[in-house]
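Chains A and B are the protein sequences, given in the same order.
For the first sequence, this note's numbering begins at 1051 and goes up steadily by one.
For the second sequence, this note's numbering begins at 380 and goes up steadily by one.
Hints are supplied without guarantee of correctness; some may be wrong.
[What the hints assert, rightly or not] Among the chain A residues that face chain B by a calculated CB cut under 10 Å, a handful are:
id, residue
1, Pro1076
2, Val1083
3, Pro1218
4, Gly1234
[Said to hold, decoys possible] Covered, in the sense of this in silico footprint (three residues per stretch, anywhere, with C-beta under 8 Å from a C-beta of chain A), are these stretches of chain B:
id, stretch
5, 449-463
6, 489-495
7, 534-540
8, 556-569
9, 697-703
10, 833-844
Worth flagging that the hints you see were computed from the coordinates, not collected in a lab.
Think of the CB as a built atom: it goes at the ideal place given N, C-alpha and C, for glycine as much as any other residue.
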Amino acid sequence: MDRDAFLDRLAVRLRRRRGAPIPPVPRLRTAAVRPRADGDLLVRRFIDRLREQGGHAVVVADRAEAQAAVARLLDEQYPGSLACPPALRWPAIEALSSEDPSTAAFGLSEPRWAIAETGTVVLWHDSGQPRATSLVPPAVGFFLPASRIVERLDDALGRVTAAGQDVPACITFMTGPSRSMDIGYVPCVGVHGPGQTTVWILADE
Amino acid sequence: MRSPERERFDATVARTIADRRLQDWLADFQALAQEAHDDALGELDDVEAWRDALSDVRAHTVAHLDHYLEQFAANVEGHGGHVFLAATAADARAYVRRVVREKQARLIVKGKSMVTAEIELNPMLEAMGVEVVETDLGEFIVQLTGEAPYHIIAPALHMTLGQIRDLFSREAGSELPADADALAAYARRRLREKFLAADLGISGVNFGIASTGTVILVTNEGNGRLSTTLPRTHVAVMGIERLLPDWQSLDCALTMLTRAGTGQRISTYVSAITGPRRETDEDGPDELHVVLVDNGRSRILGTKYEPVLKCVRCGSCADFCPVYGAIGGHAYDSVYTGPVGAVLTPLLDGLDGHVELPYASSLCGACRDACPARVPLTDLLLELRADAVRSGRQPASWRVGFRGYAAATTRPSMWDAGVRAAATLARPFARDGFVRSAPGVLGKWTAARDLRAPARRSFRRRWRDPSTQPGERR
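Go ahead and model the full structure; you've got the sequences and the hints to work with.
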């Protein structure tokens, strides 16, 4: 059946004329959303909500402090290579950086935004932001400028909407470590995706 | 004579009810799921407004499905993806077969997808000699046991940790510990090899965003992301009704899906895929195929059953259903379990072969109250029962019986006579105020429940009798 015949059949069932104007999309009553928070409250809420999902977030003064924390973590907990897009690398880490995330011990990415209500980082996978970096290594981290934390999911979705048809091929909303309850309803982490996630919130950005 | 389907239904129900371990576990699971559902939804200001919003946007999308489907397909193609509208399960299978042949795929990894089970995709792929690996941990477990999923979002819900340990130990060829983390680590190792070697990934779709042609996948384990990131070709299979108009409407759809389904504010991963990888992207599949499956859904459009298409597959109707809690997921004989399955399966596959499903409900309304999209499940179950009787799929005696009941309840004198006759007839079977074993067709009822013995004098007679004293015993 060709596409027009397929769609015609649906329109007939719905007693509609194809191409006829449609009413506006129904929306949530705004009263159902809590009053907005901002600034430090957003940062605190993001940290709390991510912790509830088994992730870890910490505020650092600047990018240099975050880089030092990553270097320490690699040294102490995740010996091996680092999967990290070139734009995020710094000289001291260059030698450890790998192009192949499937063998990396740690993956580092930079979210486009983060959502305080849910403790979520929003990854915008266009050029320079591979999908596998935050997915394949057993532990991952994020450098998150504090100004990119928005309050709710709808704030992030509004920003996606603003991109129009220029959305990338993949956007990931990621909240804490991979988890499952499929084995005897016992919670476990790191089933397919990373088992550990750390977010360094860059206070000065 | 009872149909083979009915025999199977009765046998599954009897087996589940006799299994004390399973009965206790289903009760515990439902209590946990209900608490998580209530806590997560309770966090929202004015949860009923959220329910209205989801119900309204899903109803709007379904009512203008031709429009949104056309827009969605055009936008998927605009971003370089391929779209196939499959009128039947066979059409959908044939399209996937063509893609698999063209890509010469030998190993396929699959993310969780109910619609691929509905269209029986795996048996076809296996018949082609392709290795198909379910990668959602629960689906992986039931693929190994050869069973159907037990619950919409928890496929291996019925299995204990010990049973899964035994299963994985057999697969591994060595004794694994009875520890969830260790068993998950075994599955991770085994499935990671498959992800890295797979030629093609097949996923389901939670929502399609019409305004940009985006496919939304909601998962917790990361297998959905791996299945749609590592293989060179991604085939996404979805029901035609799983659309949303735009990104803004994803807010209430996602918020309600995860809170109602698993009690999470959001799931660990929400992937939004718009076409295949772009030229400058560093990874992602080179090709994206979106297969939109009708397979009976369009027959529901424009009928009294249309509201069932609002369902977002959160599974909370099963979490709250006392009948699901007693008969378990396998009684539904379908990938769609619980009350929504009892409505959807007969509608998609026909009442023949599933005529018992609309009766697998006490009509208490717990499913309707739990549903985040306000699907009027109890109304739809009643409509299906009426259709089953009207279309002659139930014995003619039912129609006669219900007509008689209707006549009696609308004529007081006939009702009185009936009540008196029933009381007289029931008396020889009553012991200690209860009828525990009734003869004939009523015996099926008393096999599962005790019937309180009818009063010696009916309420209506006592009401009319001026000598009746307050507090007088019956």
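Here is how each hint holds up against the structure:
1. Pro1076: 4 Å, holds
2. Val1083: Result: holds, 7 Å to nearest chain B Cβ.
3. Pro1218: 7 Å, holds
4. Gly1234: 3 Å, holds
5. 449-463: holds (count 5)
6. 489-495: violated (count 0)
7. 534-540: holds (count 6)
8. 556-569: Holds: 7 residues of the stretch 556-569 of chain B have a Cβ under 8 Å from chain A.
9. 697-703: With 0 residues closer than 8 Å to chain A, the stretch 697-703 of chain B misses the three-residue bar; violated.
10. 833-844: violated (count 0)
When each numbered hint is compared with the structure, violations occur for hints 6, 9 and 10.
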